[in-house]
Structures are given as C-alpha cells and as structure tokens.
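S.K.: One-letter residues, chain by chain:
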Amino acid sequence: EAGVTQSPTHLIKTRGQQATLRCSPISGHTSVYWYQQALGLGLQFLLWYDEGEERNRGNFPPRFSGRQFPNYSSELNVNALELEDSALYLCASISSGTTYEQYFGPGTRLTVT
Amino acid sequence: AQTVTQSQPEMSVQEAETVTLSCTYDTSESDYYLFWYKQPPSRQMILVIRQEAYKQQNATENRFSVNFQKAAKSFSLKISDSQLGDAAMYFCAYRSAVGNQFYFGTGTSLTVIP
Numbered sequence: 001e002a003g004v005t006q007s008p009t010h011l012i013k014t015r016g017q018q019a020t021l022r023c024s025p026i027s028g029h030t031s032v033y034w035y036q037q038a039l040g041l042g043l044q045f046l047l048w049y050d051e052g053e054e055r056n057r058g059n060f061p062p063r064f065s066g067r068q069f070p071n072y073s074s075e076l077n078v079n080a081l082e083l084e085d086s087a088l089y090l091c092a093s094i095s096s097g098t099t100y101e102q103y104f105g106p107g108t109r110l111t112v113t
Numbered sequence: 114a115q116t117v118t119q120s121q122p123e124m125s126v127q128e129a130e131t132v133t134l135s136c137t138y139d140t141s142e143s144d145y146y147l148f149w150y151k152q153p154p155s156r157q158m159i160l161v162i163r164q165e166a167y168k169q170q171n172a173t174e175n176r177f178s179v180n181f182q183k184a185a186k187s188f189s190l191k192i193s194d195s196q197l198g199d200a201a202m203y204f205c206a207y208r209s210a211v212g213n214q215f216y217f218g219t220g221t222s223l224t225v226i227p
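Chains as they are written, first to last, in my numbering: chain A, 1 to 113; chain B, 114 to 227.
The hints are simulated quantities; they were obtained by calculation from the structure and are not laboratory data.
Heads up, the beta-carbon is just placed ideally off N, CA and C, and yes, glycines get one too.
Accuracy of the hints is not assured; some may be wrong.
As the list claims (entries may be wrong) - Computed from the model, here is a short list of chain B residues facing chain A with C-beta under 7 angstroms:
#, residue
1, F148
2, Q157
3, G220
Said to hold, decoys possible - Residues from chain A that keep clear of chain B, each with C-beta distances beyond 12 angstroms, as calculated:
#, residue
4, P61
5, P62
6, F64
7, N79
8, L81
9, L88
10, L90
11, T111
To be verified - Okay, the calculated bits of chain A under chain B, using three or more residues with CB under 8 angstroms as the criterion:
#, stretch
12, 17-27
13, 31-41
Next comes chain B alone, as it looks inside the complex:
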C-alpha cells in the first residue's frame, strides 16, 4: 500500500513570510495524483492544490505552489505572503490513477504569527 509521510507535525510562519510544508510518499506506480488539503479550526476540509504526476510543471494556485519531485517522491507545499487565514492543519494526500483509493498523511499544523 502507498504511504504518505508528513515529517513536520507543527510549523509556524510570520505573517507575510513564506513557509514550505513537506510531504513524501512511497509508491511503485508511475501515474497518480497528489493533493494538499487544508482543515481550518472550523474543520471543513478543503482542497488547496492538486498535481497530476504525469505533468512536469508544478501546480500553482495564487499564493500556493508545489515543488513536485517525482524521482524523489516529494511533494512540498509553499505558501507565499502568509496570511492569518492560512492557519490550519494541512494534509498531503495521494490517489492512485487506478481505482479511487486515497491515502493521507498525518498532517502539519500551521500557525501564522501576526
């Protein structure tokens, strides 16, 4: 089974600064999908960004971007110009291109310091 590892249980960043959250995964598949989800204190989980493994270009969504290193099986999330509303638990997730099974990391709790 695939595994997803988030080695940083907690991170903090000053408002307006940049922070990078790490995620690594283990798989023998060549095609798959990767996601970052955000779970604010109000608990509704929402998608931040997604990346298809067959795409070499790193995904970007406004202030959020990823550094996808397929050979290294690494998928980090960079948050630029951090805002107070970015404070949340962030989960990295993997989905095989075959079937609909999803695998989640244990999460990184991000604190934004005013």
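Only chain A is shown next, with the shape it has when bound in the complex:
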C-alpha cells in the first residue's frame, strides 16, 4: 500500500510569488492535514480537510489556503510569499472514523528567497 505522497520535494520561490504544494493521502483516507515546520520549531497546524470540506485552520494568515479534491488529494497554496514562509510543509492523512494516528508524507521543503 502506497503511503502519503507529496510533491514537489523541494520548491524555490521568490518573495511575492505563489507556491502550490500537493498531497495524496493513503488510499481510503478521507482526511488531510497540513503542517508547517520551520527550522528549529515544532509542527504548526495549518489546515485540515475532510470529505472535501475545510474543517479547521490554524493561526495563519488568509494567504495560506487550500482545497481537497474529490479523490481526497489536497493542495496547499501560499500567496504573496514572504521569507518567513521558508519551511518544511508536511501533509498527513487519516481514515475518517478511525481512532488512530496520522500518517505523514515526506514533506515539501519550500525556500523563499
């Protein structure tokens, strides 16, 4: 069974540009979570999608947005990139209705110059 996949692995953008990050959950998983992990910091919750709907978002500005597609894959968009957006972005998925853990992808390293 394939795990959670994320693309691209690395992304380099210039300040002010837009970045799009993608995540494919494990087959059968309907919930997708996005986290930001800046250097030296823990996981900061960004967004949570379930069954195509945004269920919750963390304390991030509106320029962080996303969506979940009918096949449960998800996209994270970051507009008007700022230098402090440079971080590892992790995606995780769970199967709706279970009581168990999240499964994480390998992450996308976003660098803003």
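Using the hints, position chain B against chain A.
M.R.: Frame of chain A, contents of chain B only:
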C-alpha cells in the same frame, strides 16, 4: 484548546542505555488518544507508539514504552537499549476522541552517543 508540552528541547543518551522523554498535556476531556512520533534526519515522520486514555495499561512496542499518568496528564516515552538509529526528533501528540483535531508538542531532539 488542548496544549501539549515537551519541556526537554534536547536530550542525549549513551548507546545501549535508557532514556525517558517527557510530555505533559492539558485537557478537560476524559477520553482521548496520545501518540509519540519520531522524525529522523531524513524527515519522514513515523509513529512510535500510541496510547488510548481509557486503557490503564501502558503501551509497549519492543524497546519503546510509555508511562501514562492520566491524573497527572503526563505521557513519557522510555527508550530502552538505545541504538544509533533512535537519534531523531520526537514529538508527543494528542487527539481528542471527539473529532479529528491533533495537537503536537514542540519536540525533543534525541542524540545517541556511540
């Protein structure tokens, strides 16, 4: 909102020795789930161990075990016979039994000394 606190930013242990990582959490819920995740330098986050709050017995997975103290809201991870491959960032996480919101601690960086 629930909070998860890991008070040890960095820890080190000699190879083959035992180390305990601390985690405390704050919640008003009676039913929930707790997890320890490991993030090696290659960055893929993987589950180490999980504990259901309604279970009194502490979870164990090979060399990894937890000390779950529900009244004290404490959930420490013990790694026995530490190996070089245990070197990683360890995150404690909380999940409510109602809904799928997860809360993570800030992590503990574990170094294993040969």
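S.K.: Are the hints correct? Go through all of them and say.
M.R.: Tested hints:
{"no.": "1", "hint": "F148", "verdict": "holds (5 angstroms)"}
{"no.": "2", "hint": "Q157", "verdict": "holds (5 angstroms)"}
{"no.": "3", "hint": "G220", "verdict": "holds (5 angstroms)"}
{"no.": "4", "hint": "P61", "verdict": "holds (19 angstroms)"}
{"no.": "5", "hint": "P62", "verdict": "holds (20 angstroms)"}
{"no.": "6", "hint": "F64", "verdict": "holds (18 angstroms)"}
{"no.": "7", "hint": "N79", "verdict": "holds (25 angstroms)"}
{"no.": "8", "hint": "L81", "verdict": "holds (21 angstroms)"}
{"no.": "9", "hint": "L88", "verdict": "violated (7 angstroms)"}
{"no.": "10", "hint": "L90", "verdict": "violated (7 angstroms)"}
{"no.": "11", "hint": "T111", "verdict": "holds (15 angstroms)"}
{"no.": "12", "hint": "17-27", "verdict": "violated (count 0)"}
{"no.": "13", "hint": "31-41", "verdict": "holds (count 4)"}
Violated hints, in rising order: 9, 10, 12; the structure is consistent with all others.
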